[in-house]
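Participant: Keeping their order, the protein sequence lines are chains A and B. Going by the working numbering, the final residue of the first sequence carries number 115, and the count climbs one at a time with no gaps. Going by the working numbering, the final residue of the second sequence carries number 110, and the count climbs one at a time with no gaps.
Hints may be right or wrong, so weigh each one.
Pairs of lysine-lysine, DSS-like flavour, derived with a Cα cap of 25 angstroms [what the hints assert, rightly or not]:
1. B/K54 to A/K57
2. B/K68 to B/K56
3. B/K54 to B/K68
4. B/K71 to B/K56
5. A/K57 to B/K102
6. B/K5 to B/K54
Beyond 10 angstroms from chain B on every Cβ pair, some chain A residues (computed) [unchecked claim]:
7. V4
8. P8
9. R15
10. R22
11. S27
12. H29
13. N30
14. Q41
15. E44
16. Q54
17. G72
18. F74
19. D86
Examples of chain A residues toward chain B, derived with CB under 10 angstroms [to be verified]:
20. G3
21. I12
22. K14
23. Y33
24. F45
25. Y48
Since the hints were made in silico from the structure, they are not lab data. C-beta: ideal position from N, C-alpha, C; glycine also.
Read off the chains here:
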Amino acid sequence: DTGVSQDPRHKITKRGQNVTFRCDPISEHNRLYWYRQTLGQGPEFLTYFQNEAQLEKSRLLSDRFSAERPKGSFSTLEIQRTEQGDSAMYLCASSLRNSGANVLTFGAGSRLTVL
Amino acid sequence: DQQVKQNSPSLSVQEGRISILNCDYTNSMFDYFLWYKKYPAEGPTFLISISSIKDKNEDGRFTVFLNKSAKHLSLHIVPSQPGDSAVYFCAASALTPLVFGKGTRLSVIA
């Protein structure tokens with residue numbers, strides 16, 4: 001198992017363009033999370049899935065953002081009509097929810113720069 | 001409304017000494033607290049956790065202390081090593097996805 005994989009690692013785009021990020025979680029993990037991190041801040045929760053069901057969305061997730069996990073395996077996060085304020089590191093994490101602490105395993109992130 | 005607060009943006013410690021990183025929280029419903037470490041260009045990696053029913057958890061050089069009455073937890077690293085230089089995030093959960101603090105940058109000076 002290679003851990004959580006994210007692609008691309010870095011994306012530079014012009015304002016108004018659409019971008020899509022992909023996340024491949026650890027195979028036996030049933031939960032998948034998207035977080036956003038900006039400079040000087042900790043990771044901020046965006047949304048999460050249990051298997052293919054999207055269970056929670058943060059108010060940070062505007063209607064320009066959409067996430068899917070169609071078969072309960074990989075997930076995509078799409079941002080439409082990007083704005084400069086969308087520039088951030090987008091982190092994906094996965095976990096196997098059971099009793100005890102819900103330990104998330106993070107990928108290396110996808111850095112978005114909107115010009 | 002920042003539920004998890006790390007009020008020290010940075011900390012410098014000499015190699016071999018103790019590093020103490022602090023975290024405060026406001027939500028009394030949090031049932032687990034976790035510490036993550038982040039190196040540049042990598043995602044956060046899990047370090048250690050503690051349940052709200054405990055006041056101490058130890059794993060090698062790392063010990064987390066929880067003071068529920070003060071809504072405060074701390075991470076102790078003894079002895080500190082140069083490889084411990086990273087950003088440390090405190091996180092908490094209450095049947096919800098993890099809520100993170102802003103992080104503390106630890107620099108261990110040889």
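Participant: Give a verdict on every hint.
Facilitator: The hints, checked one at a time:
no.	hint	result
1	B/K54 to A/K57	violated (31 angstroms)
2	B/K68 to B/K56	holds (11 angstroms)
3	B/K54 to B/K68	holds (9 angstroms)
4	B/K71 to B/K56	holds (14 angstroms)
5	A/K57 to B/K102	holds (21 angstroms)
6	B/K5 to B/K54	holds (20 angstroms)
7	V4	violated (7 angstroms)
8	P8	holds (14 angstroms)
9	R15	holds (25 angstroms)
10	R22	holds (15 angstroms)
11	S27	holds (18 angstroms)
12	H29	holds (13 angstroms)
13	N30	holds (14 angstroms)
14	Q41	violated (6 angstroms)
15	E44	violated (7 angstroms)
16	Q54	holds (12 angstroms)
17	G72	holds (18 angstroms)
18	F74	holds (17 angstroms)
19	D86	holds (19 angstroms)
20	G3	holds (9 angstroms)
21	I12	violated (16 angstroms)
22	K14	violated (24 angstroms)
23	Y33	holds (6 angstroms)
24	F45	holds (5 angstroms)
25	Y48	holds (5 angstroms)
Comparing the model with each numbered hint stated earlier shows that hints 1, 7, 14, 15, 21, 22 do not hold.
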